[in-house]
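Chemist: The task is simple: from the sequences and hints, build the whole structure.
2 protein chains.
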Amino acid sequence: MFTLTEPTLLLDKQKCIRNIQMIVEKAQKNNIILRPHFKTHQAHEIGRWFRIEGVTKITVSSLKMAEYFAQDGWNDITVAFPVNVHEKERINRLASTMTLNLLVVSPENIGWLAREVKHSLNIFIEVDNGYHRTGVSTTDFDTIDKILLEIAKHKHLHFAGFLGHAGHSYKSAGDKNKILAVHQESSSLMIPLKEKYKTKYPDLVLSTGDTPTCSVAESFSGIDEIRPGNLVFYDVTQEFIGSCSLDQVAVAMACPVVAIYPERNEVVVHGGGVHFSKDSLTQRNGTVSYGNVVTLHEKGWSTAETGMYIKSLSQEHGVIHAKKEIAEKIKIGDFLGILPIHSCLTVDAMRSYLTTDGELITTYS
Amino acid sequence: MFTLTEPTLLLDKQKCIRNIQMIVEKAQKNNIILRPHFKTHQAHEIGRWFRIEGVTKITVSSLKMAEYFAQDGWNDITVAFPVNVHEKERINRLASTMTLNLLVVSPENIGWLAREVKHSLNIFIEVDNGYHRTGVSTTDFDTIDKILLEIAKHKHLHFAGFLGHAGHSYKSAGDKNKILAVHQESSSLMIPLKEKYKTKYPDLVLSTGDTPTCSVAESFSGIDEIRPGNLVFYDVTQEFIGSCSLDQVAVAMACPVVAIYPERNEVVVHGGGVHFSKDSLTQRNGTVSYGNVVTLHEKGWSTAETGMYIKSLSQEHGVIHAKKEIAEKIKIGDFLGILPIHSCLTVDAMRSYLTTDGELITTYS
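In order, the protein sequence lines correspond to chains A and B.
Residue numbers for the first sequence follow our numbering, beginning at 1 and rising by one.
Residue numbers for the second sequence follow our numbering, beginning at 1 and rising by one.
A couple of the hints might just be wrong.
No copy labels: a pair is met if it fits in one copy or bridges any two.
To be verified - Computed cross-link-like contacts, DSS-like style, restricted to lysine-lysine with a CA-CA straight-line distance of at most 25 angstroms:
| hint | residue 1 | residue 2 |
| --- | --- | --- |
| 1 | K171 | K153 |
| 2 | K171 | K311 |
| 3 | K153 | K200 |
| 4 | K200 | K155 |
| 5 | K171 | K329 |
| 6 | K324 | K15 |
| 7 | K146 | K331 |
| 8 | K176 | K196 |
| 9 | K198 | K329 |
| 10 | K324 | K155 |
| 11 | K176 | K57 |
| 12 | K146 | K324 |
| 13 | K15 | K176 |
| 14 | K118 | K155 |
| 15 | K155 | K299 |
No wet-lab data here; the hints were simulated from the structure.
All values reported here derive from a predicted model rather than from experimental measurement.
Modeler: Set out below in structure tokens:
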């Protein structure tokens with residue numbers, strides 16, 4: 001299919017497009033806005049695959065990434081990260097030409113935005129719908145009202161709605177009912193906000209929806225917008241959580257074998273922390289994996305169980321657990337496929353893909 | 001000193017140069033070759049600081065990195081990673097113009113090198129001096145002799161010596177005597193190889209020496225060459241191991257505060273897995289840290305204890321533990337300094353530095 005010489009992040013375009021179509025159809029069925037998070041794939045080309053399916057609004061995790069996607073014609077972008085009060089230049093540049101939606105977490109943010117930004121801006125109030133990372137408590141009406149009062153003072157600032165991220169869905173460990181319970185609870189924390197504020201702000205949007213809940217839930221009643229990111233590729237963690245099957249994982253790293261130690265049940269590949277980053281997963285059998293080995297073939301990879309996984313990572317080395325009888329069949333120079341534990345960070349480390357059709361795709365940085 | 005707007009990796013050039021001078025002097029005193037590992041800093045500019053101190057030979061972790069440093073005039077480079085039999089083009093390109101030293105771990109490697117490489121090459125046999133990652137056992141004379149026999153068949157291949165990496169020194173957890181014991185044991189596994197083979201190969205080099213052992217040991221008798229990398233910057237892990245004091249750590253990330261939650265003893269900064277990578281350290285008090293907070297000032301940072309550390313990292317968010325009374329004094333927009341857990345992977349994620357003198361330095365990729 002293509003010639004490999006070094007650690008290479010393979011992308012199965014067909015699987016990826018099926019993942020995109022699945023969520024596009026689900027959003028259409030529910031009549032909600034799909035604003036996919038592009039922090040996972042970070043690539044113009046893959047963004048265009050969403051555009052072909054009708055997506056027009058996107059989410060990113062930094063203003064720098066917003067600039068990158070604006071360059072490819074995206075003109076309605078939410079930066080799903082609390083506004084950084086030092087980035088007035090990027091904000092002004094972006095807001096002058098497109099619909100820029102920013103997150104605020106405190107009334108002080110508004111004073112700064114009003115003063116430093118000269119263009120029309122949409123403001124989401126980030127609320128904490130159960131994850132407890134960032135955001136105003138969904139019952140802290142005092143703070144919410146203060147923020148709304150501040151926004152109302154400035155003509156170029158527009159209240160867009162409430163945005164939450166139920167990241168605690170990632171702790172569901174294979175129990176779809178737990179994911180659905182997080183979906184239910186996190187939505188039900190936000191829905192009363194719409195009831196309370198919709199008279200004054202009839203267009204306000206409730207935005208939530210991470211990869212686990214968007215993958216498992218079929219109904220999103222009361223919610224207006226979802227922002228899943230990881231599901232464009234999925235990964236071993238998402239399969240573990242229960243969001244997907246391994247066959248839906250659309251990326252795999254190809255790593256060349258450089259050393260073989262059957263007597264230690266180990267094989268060493270070129271593929272380390274600089275390729276995968278360092279996220280790990282404690283598997284059901286208690287072993288810790290930094291990536292699960294699959295078998296590469298002409299057109300991609302098979303996800304049939306190999307029993308092999310990365311047991312440790314240094315900067316460039318990946319040490320793979322492989323039973324003696326399996327290790328003995330592997331040769332120096334063979335390429336092993338490895339499904340990443342966390343595809344977002346793997347993509348960020350690699351910064352390019354090779355599709356299984358042989359096309360090279362680069363990311364933004 | 002400089003204007004910060006986003007997560008920025010600060011580099012204290014004075015501290016860095018002191019670290020470089022310390023090891024240069026130690027190598028001179030011991031009359032051994034210093035071949036520093038450049039995988040940590042990955043920057044032409046910082047390489048030149050070594051050159052000023054008289055260093056002429058370097059180590060890198062990939063052929064790609066060798067190409068980058070060759071472009072800046074380095075002409076004696078060891079790639080301290082088992083040779084990847086798919087990279088014949090890079091090997092030929094490099095070997096045609098400079099002294100390229102490669103690592104082999106099996107006799108098959110030699111047949112491939114002899115066949116595919118047309119230029120003069122130096123070959124180190126990688127030996128396992130106790131870390132058990134890669135390398136031939138130091139007592140597996142059968143394999144060593146096979147490799148030497150293969151090398152001898154080819155005029156353009158030259159046996160350079162034995163190379164080991166005592167990475168288990170990283171498990172010493174604050175006990176300098178343990179580091180010295182690893183130094184002693186790992187050296188004593190290699191020294192008999194010289195005794196055995198020096199008659200036939202009078203110039204053979206014994207190469208070892210990681211950051212912990214090179215920092216703590218004063219004597220390197222029997223060893224010819226050391227290759228420490230991390231000590232150019234050090235990090236929180238090295239302080240924990242006992243290799244350095246926190247005042248020797250030459251890099252700190254500056255991260256803007258974006259949200260404050262005194263009631264949860266937390267502050268959130270822009271600074272996540274894409275900035276630090278994901279290495280963590282279980283501290284002496286049992287808490288897990290992804291980076292320790294220091295106080296930034298005009299000319300750099302103070303390492304006085306702040307009690308703050310990164311307790312969790314997502315892609316862009318860093319959640320910092322900060323006691324209520326401390327969190328209450330922090331304002332949105334403040335910059336916090338964060339000493340990285342693992343400076344090598346942080347540099348690899350960031351790909352640029354800002355020195356405390358205001359100079360921007362970029363890395364190779």
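Chemist: Indicate, hint by hint, whether the structure satisfies it.
Modeler: Quick rundown of the hints versus the structure:
1. K171 - K153: neither (41 angstroms within a copy, 58 angstroms between copies)
2. K171 - K311: both (22 angstroms within a copy, 17 angstroms between copies)
3. K153 - K200: Within one copy only: 15 angstroms inside a chain, 86 angstroms across chains, cut-off 25 angstroms.
4. K200 - K155: Intra 16 angstroms, inter 85 angstroms, cutoff 25 angstroms: intra-copy only.
5. K171 - K329: Neither: 37 angstroms inside a copy, 32 angstroms across copies.
6. K324 - K15: This pair counts as neither: shortest intra-copy Cα distance 33 angstroms, inter-copy 47 angstroms.
7. K146 - K331: Between copies only: 18 angstroms across chains, 65 angstroms inside a chain, cut-off 25 angstroms.
8. K176 - K196: neither (31 angstroms within a copy, 62 angstroms between copies)
9. K198 - K329: neither (65 angstroms within a copy, 36 angstroms between copies)
10. K324 - K155: neither (70 angstroms within a copy, 36 angstroms between copies)
11. K176 - K57: neither (28 angstroms within a copy, 56 angstroms between copies)
12. K146 - K324: between (65 angstroms within a copy, 23 angstroms between copies)
13. K15 - K176: within (22 angstroms within a copy, 52 angstroms between copies)
14. K118 - K155: within (10 angstroms within a copy, 71 angstroms between copies)
15. K155 - K299: neither (55 angstroms within a copy, 41 angstroms between copies)
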